[in-house]
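Novice: These protein sequence lines are chains A and B, in that order.
Quick note: to get our numbering, add 6 to the position in the first sequence (first position is 1).
Quick note: to get our numbering, add 1 to the position in the second sequence (first position is 1).
There could be a bad hint or two in this list.
What the hints assert, rightly or not - With beta-carbon atoms standing in for the labels, derived distance ranges:
(1) A:I10 <-> B:A218: 17 to 27 Å
(2) B:N121 <-> A:S16: 21 to 31 Å
(3) B:A239 <-> A:Q40: 21 to 31 Å
(4) B:A48 <-> A:E9: 49 to 59 Å
(5) A:E13 <-> B:P264: 32 to 42 Å
Hints were generated in silico from the structure; no laboratory data involved.
Think of the CB as a built atom: it goes at the ideal place given N, C-alpha and C, for glycine as much as any other residue.
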Amino acid sequence: MIEIRDEFLSEEDLDLRNLSHEELIAYWNLWLEQAQATNDLDKALYSHGVFERDPAPGQ
Amino acid sequence: MNNPYLELTEEFNQGRLRALLSSGQAVVMHRLAVMSKDGDWILREDAEAIEHVLAVLAAHGARYRFGAPLDLRWLAGGWSAHLESRRESLRLRTDFVTRPPRVSPDWLARMWEEADATGNEVVGLEPLAALKLTNRDKDYAVVGELARLMTDLHSQFRYSRSSRDLIKLAEEHPAVLAEATRQRPLLTRIAEGRDALEEALDRERRALIHANEERLARYLASTQAWASLWPDVQRQIAGMSLPEAHRLLVARAEGVLPFEPAPRGES
């Protein structure tokens, strides 16, 4: 019988555990490359720390 | 092949452990998910560590973003410093704290002791879970998966976000549950079944979100003067080397950005 469990992240996310170190780095770097597409959109925003928005982004 | 955030971590820690890779990039290193393009480190709170990290960032042509100076006086007050550089096509954001939220001073000291003993440059599962109790809903999914990687039963009871996991843990380890309940009152609801426990988990998440929002609001209220000065400061530091920009930033921030945020209700 398949046991149902609470799901938090997708199977694709969790599949990182099955990658070798080299595969993980390659996937991670590719993801970072692709994520650059949103740089203009998040120019003023912060993902860490105690600041939320740059009052003068890109001046 | 290496990753730019791992390379930076190695450079920060050349000759001595000074920086622990944290937040989203630490989540990757724990093999959970790639969800952040910015880097975040917990720095050792001493002058040598800060000087070394600044020198590494200067060598990479980093520039300051709006934030606190990378200076012990502000970092000790819980402020974060934010810098940015480019590496080929990548925008690398490098964010730093020395006093991570929701990690007590004793716990932080133990984290550094453990990191020194093991040489592990990545924030461990339990403190990472504590850091991820933010005001963003998506972080609670990460906490839920981090808890599943924890081997310590107390930690699993403390951080699990799954009613099913908690009920199973309670059935298998009732003695640990009794102890863990003192730290996390929500665990008393396990006996009432899944619906009650899930309600309590939702309520706990919302309370944690509000607590972090209130924490950030204290800092925000203390940044108003610094934010109004920032466009001028940014123009002044444009084109400067990082050491020059750092000196100017410190001089401009002194007396404007308080070392400690104002207590709640005062700003």
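Novice: Compare the structure with each hint and give your call.
Specialist: We went through each hint and held it up to the structure:
no.: 1; hint: A:I10 <-> B:A218: 17 to 27 Å; result: 39 Å, violated
no.: 2; hint: B:N121 <-> A:S16: 21 to 31 Å; result: 27 Å, holds
no.: 3; hint: B:A239 <-> A:Q40: 21 to 31 Å; result: 29 Å, holds
no.: 4; hint: B:A48 <-> A:E9: 49 to 59 Å; result: 53 Å, holds
no.: 5; hint: A:E13 <-> B:P264: 32 to 42 Å; result: 41 Å, holds
When the structure is compared with the earlier hints, a violation turns up for hint 1 alone.
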